Structure formats: C-alpha cells, structure tokens
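Asks: If you read the protein sequences in the order shown, they are chains A and B.
Quick note on our numbering: the first sequence kicks off at 2 and runs consecutively.
Quick note on our numbering: the second sequence kicks off at -15 and runs consecutively.
The hints are simulated quantities; they were obtained by calculation from the structure and are not laboratory data.
Quantities reported herein were computed from a predicted structural model and do not represent experimental measurements.
Here a beta-carbon is modelled for each residue, glycine too, at the ideal position from N, C-alpha and C.
Treat the hints with care, as some may be off.
To be verified - Cβ pair distances, simulated, as ranges:
1. A:Asp392 <-> B:Gly119: 46 to 54 Å
2. B:Pro116 <-> A:Thr324: 21 to 29 Å
3. B:Ala165 <-> A:Asp392: 36 to 44 Å
4. B:Ser47 <-> A:Asp328: 36 to 44 Å
5. A:Pro397 <-> B:Ala137: 45 to 53 Å
6. B:Ser47 <-> A:Ala86: 57 to 65 Å
7. B:Glu39 <-> A:Gly87: 48 to 56 Å
Said to hold, decoys possible - A few chain B residues that don't get close to chain A, going by computed Cβ distances all over 12 Å:
8. Val94
9. Val108
10. Asn147
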Amino acid sequence: MTPALPTAVEIAASIRSKRVSAREIAAAALARLRTTGPELNAFTLVTADRALAEAVKVDEAIATGRDPGPLAGVPYAVKNLFDLAGEVTVAGSKINRDDPAATADATAVTRLHQAGAVCLGAVNMGEYAYDFTTENSHYGPTRNPHDPTRSPGGSSGGSAAAVAAGIVPIALGTDTNGSIRVPASFCGIWGLKPTYGRVSRTGAFLFVESLDHVGPFARSVADLAVTFETLQGPDPRDPACSARAAEPMTGLTSGPAGLRVAVLGGYFEKGASAEARAAVGQVAAALQADRRVELPTPELARAAAYTITAAEGGHRHLARLRTRAGDFDPKTRDRFLAGALSPAAWLLQAHKFRAAWRDQIREIFRDVDILLAPATPVSATKIGQDMVELDGIEVPLRPNLGLFTQPISFVGLPVVAAPVWTAGPLPIGVQLIGAPWSENSLLRVAWALESSGVCRAPVAKIE
Amino acid sequence: MPSFNSPDVVAQVEQHHDAYERALIAHDVAALDGYFWDSPDVVRYGVSEHLYGAEAVAEYRRSGGPTLTDRRLVRRKVVAIGDNVASVMCEFHQKVFGQPRHSRQSQVWVRLDGGGWKIVAAHVSNALMGPPQAGSLEAFADQTAAVLGVPLAAAHRPGVVQNLERAAAIAAPLLKLPLAAEAEVASVFVP
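Here chain A stands alone, though its shape is the one from the complex (with noise of 0.2 Å):
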C-alpha cells in the first residue's frame, strides 16, 4: 500500500523548503489513488496531466525564488460539478455527458490554483447533489474508507472520501441542506460550509440557488483555514456572493476564550442517536460549555427547506425534465419532477419564513457565539440502508440524514462539521454552528478541539 498523504500545511511546507519537489507530490498522490482508489469509487476523472504541468509550475517559481502560493504543490479534488477546463461537468449526471466541456475552471478551482494547488481530479456525488449518501446509479456507489460497506456520506461523497483516505489533504464540496456536513460526519473529517455568499460559486453546477454553498474539506484545522482563506471573497460573476472583502484568517492557536458557546437543544437533540449525543456532550464538556439554547420552530425551517430545494431544484432542471426525464437517477427522477411542478404559493410562503426566521436567529446571536449540534443523527450507515431508526421510530433514512443541518444551512450560517470519535467503532460530526461572517470564531474553536485531542482527522486505515 502506498503511503497516505500528509497535511496541506506539511506538503507545502517541505515543497517550499525544497525538501521534496511538488512533482514528487503529485505523483505520490496519483500512486495512492492508483492502490485505494478502485475499491472506493471516489473519483470519476483523473487530471493526472493537469496535475504534474500544475505541479512543474510551482516546482519552478521555487527555483526562480517566486512565491509558489500557500497551497504550493497540494493536491486536491473537486466534487464533479465544479467546472475543469477542458472537462466535461457531469455533476453526478449521465445527461451532462453530452455537455461540452468546460471553457474556464470554476472560480474556487482558479483560487486554488492560484495559491500554488494541483488538481487531481474530479471526484463522485449524488446525481445533481439531490442526495446524502452518494449512492449514484450512473456511476456506483463511493464507500466509506472507514469501512467499506457504508456510504461516505453526500452529496460531496466522493470528496470526503478521497480526503478521508489519504489521497489528497483537501477536496472542495458543495452544500445545499448539509452535503459538506454530512460526509465530513460519516468520513470522520473537517468540512466547512461557510457563510451563503462567502465563497464565489461560479463555475459549479448549481442545485439550489437560494441555498448552495461552496466549500473545503480537510484532516486538519489548519488545512481547513488555509483552503477557506484561499476561497472566500468577491466574484462579481456570482450573483449571490458578497461583495465584503476577503479577511485573514487570524489569532487561530488563540483559544476559545470569550466565546460563548451553548448546545442546541430540544429539535437538535430528540432526533440524535446515543452516539450523537454523546459527540455533542465531549465538544461541549471541552468547550465548557453547559447552557443550552433553543432555536424557534427548526421544524418549520426545515420545511422551508424542503420546499424551496424541491421548486429551485426542480426549475434548474426543467428543461431536462422535459426532454430527458428516463435518463435521470430514478433516486433522484421522481423528486425533480414533483419540485419542478410544486405550487407558486409553497415557494413563495417558505422564501418569505425564510426572511422572518433569519431575523429570529439573529437575535438569538445577541447573547451567544458558537451553537453545538449533531452533524448528522446517526455515524456513517450501510450502503443500500433504506430506514434508520430515530427517537424511537423507523423513518426513511435519506431524508432524515439532513435533519441537523437543513435548518441551518437554510439561513445560511457558517458551519465547521468537528470530527469526534466515540465509543463505537466509526466517527460522527459535531457542528460548530456560528452567525454569520463568523468562520474565524469557528476556526479558533475547531483548532483548540484538535489542539486538546477531542476532534481529529486520522486517515482512514486500508488494507
């Protein structure tokens, strides 16, 4: 078996110092691709020569005494909806195969280039992100490297897992109702989902407009800060992303101290498993924090949600729809449809709670920080699982995996997904819930978390 890939921070360290070429690098991470790629399912494009013409760059800006960028020679993949140039942007889909190709990577895949990266490749998801397991009929199943029977989470399934078993240090996803969150749960890994509209998402197919994000995975916090600070910013092309300037990431090694953080209860702990719970209880013992906070109606959020998920997702894919209905994931066909059909007045009432909502939980920001919760309800399940019992009751598993996140996502406040080992076997999420424009406070939280050996990241162990 081919080693596994050290942290982001470490390749570029020792790229910088010339203590191993970024060619090197890169091939390394082809290799371990080669040798555990075949039995996770995680990639559906390698850009293995995109990689080494990307990683000869940087190894000669080192030799010219240029500054090679922050991720100089770091391999990474990209969920495959983000556009590569040259590449067709399938997005999980059989039907996008007939696109053609990309003209311009995707804004984030320019950042990361840009800041020295090197894309490995594009990785598996939940056709068209509609999907927490990443369970795809195009193109198999991705598995989880932690045990190959379960799902890696979804939709940015095959993100989480190349991150999770050591291919690449960091991966991008995408997040509409908790695709970064839920895989980060099941895979045992760091994942943010930042701020709706801090990070440009030009270049990536779309789901859900009012609702998607973009953003990193990672096996380290400072991984996670690195690639977040290289993201974030302006991008006139996308309508939604803030004009308000890029800010450093800064004082992370500084503690949590004066953040006042509380645990989220009632909706946020009905639902969750022993093993949920119990994740929550270690973040908030090591985090001292003992209060508990209430959000108003997270049911009905969550509602909203759902409606406006399935009437955005369904409009993007009218067309489709219209002339290629049999050629969708049947997981997937029935729900675009319905969405596509959905009544103006479900849309119109959920976008308007929407407004009146956010402004509920803004106050609730007045006199706390960070919000702990479940990322997800259970650890990662069994490929082909269809029920899931929750509080006591069978209940379908696919939708129910979203239950923690979909609120929040919904307002679009930033999230880092912690990952926390209990007594089982597998890894479960913690999310470090913060108001808006916070990713900073959530970093500063997320580092003391690993710093004190309470979260981490370990790569998955692969025979």
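Since the structure of chain A is provided, determine the placement of chain B on it from the hints.
Replies: The following block gives chain B in isolation, referenced to the frame of chain A:
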C-alpha cells in the same frame, strides 16, 4: 346453439381459476406454465407485452415480471359455453409503486382431450382510472405538467404524485403560518 352456464362446468372453471390466482400470487412459475395451452397458437397480452406462443409466455414468466403478492380479485364472471369452453373475465386490485391500480383480465379456457382445462387466450389491461378527482394531486400533476410541457411518463407518474403528496404534507404547517405583511422576498438594488 351451445348450452350456456352449466353449473357443473362453471364450478370446475372457477376452481381452476382460483388455483391459477394462487399460483400467480405465489409466483409459482411451473404451475403457471401448466395452466397455459402448450401451443404456438396461445396468446397472452399483458399491460405492456404481446406474447405469441407458449414459449414466449413461459419466457416472460422467467424474466421476472411484477410482484403480485397484494393482487386481490374484486369481481369475476365465468361464462361456460357448452361443456368444453369458458370465458373468465375479472377485475382485480393491486398496488404498483405503492399506488392502487384497478386492472382487468380476460381469458378463454378450453378443456382439451385428456389435457384438462387450459388458457388459450388472455389479455390483461389497466382500467383507465377515470379523470383524476378535481383538486387531487394527480389532477394537479397532470395539468401542471401539461402546462409546463413536461411529459409525465406512466412509469414516473406514481412516484411524482407520491413526492407531491409528501411535499404538500411538509408545506402544510408552513402555509398555515401567519406572516407579517413586511415579510417579503425583495431584491435590493444598491447603486
């Protein structure tokens, strides 16, 4: 003019048809083969398949076919024509993709010399459900799909209606919510 509806013949055919129904529900392929006339002239029309000859009928059975465990006869009419021929017409209910279906089956049974009663021709069809009830999500789905120019394939329709039902249930508490007049979704234009 043959004699019609000899009670003895009707009873015999009903008995055979009962057994045939049980074999269908149990998906007892060998038994089902035995009920059909072993001849290249046997015909069976399914809802979507057209099978000519015993081989084609047997092959269809072996290719799987739908699960019929919840199939339930709701009405049957057996007419005996002479001593050796009978028509068996029935209506039955079963769920397809969780949605109730009303279907019909027509069969001609013939008593062969020494071979017992066999089906020589059969046809299954789905009843048109009639126009969906006004205000139902079925009607809504059909009409909205037509307005938007989205063809709704018969195979996808039950799943779409089911998802609309789920979405309606989820949206219901939201729609009951009184929202302030100033709760609006406005785009803001900054110079």
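Asks: If a hint holds in the structure, say so; if it does not, say that too.
Replies: Here is what the structure says about each hint:
Distance hint for Asp392 of chain A and Gly119 of chain B: a CB-CB separation of about 34 Å, inconsistent with the stated range 46 to 54 Å. Between Pro116 of chain B and Thr324 of chain A the Cβ separation comes to about 25 Å, which falls inside the hinted range of 21 to 29 Å. Hint check: Ala165 of chain B to Asp392 of chain A, Cβ distance near 37 Å, so the stated range 36 to 44 Å holds. Restraint check, Ser47 of chain B to Asp328 of chain A: a C-beta distance of roughly 23 Å breaks the suggested window 36 to 44 Å.
Our hint of 45 to 53 Å for Pro397 of chain A and Ala137 of chain B is violated, since their Cβ atoms are close to 24 Å apart. Distance hint check: the CB atoms of Ser47 of chain B and Ala86 of chain A are about 46 Å apart, inconsistent with the given range 57 to 65 Å. Between Glu39 of chain B and Gly87 of chain A the CB atoms are about 53 Å apart, so this pair conforms to the stated range of 48 to 56 Å. Taking the minimum C-beta to C-beta distance to chain A, about 41 Å, the non-interface status of Val94 of chain B holds against the 12 Å cut.
Residue-level check passed: Val108 of chain B sits 24 Å from the nearest beta carbon of chain A, beyond 12 Å. Distance check on Asn147 of chain B: its Cβ comes as close as 3 Å (rounded) to a Cβ of chain A, failing to clear the 12 Å threshold; non-interface status is violated.
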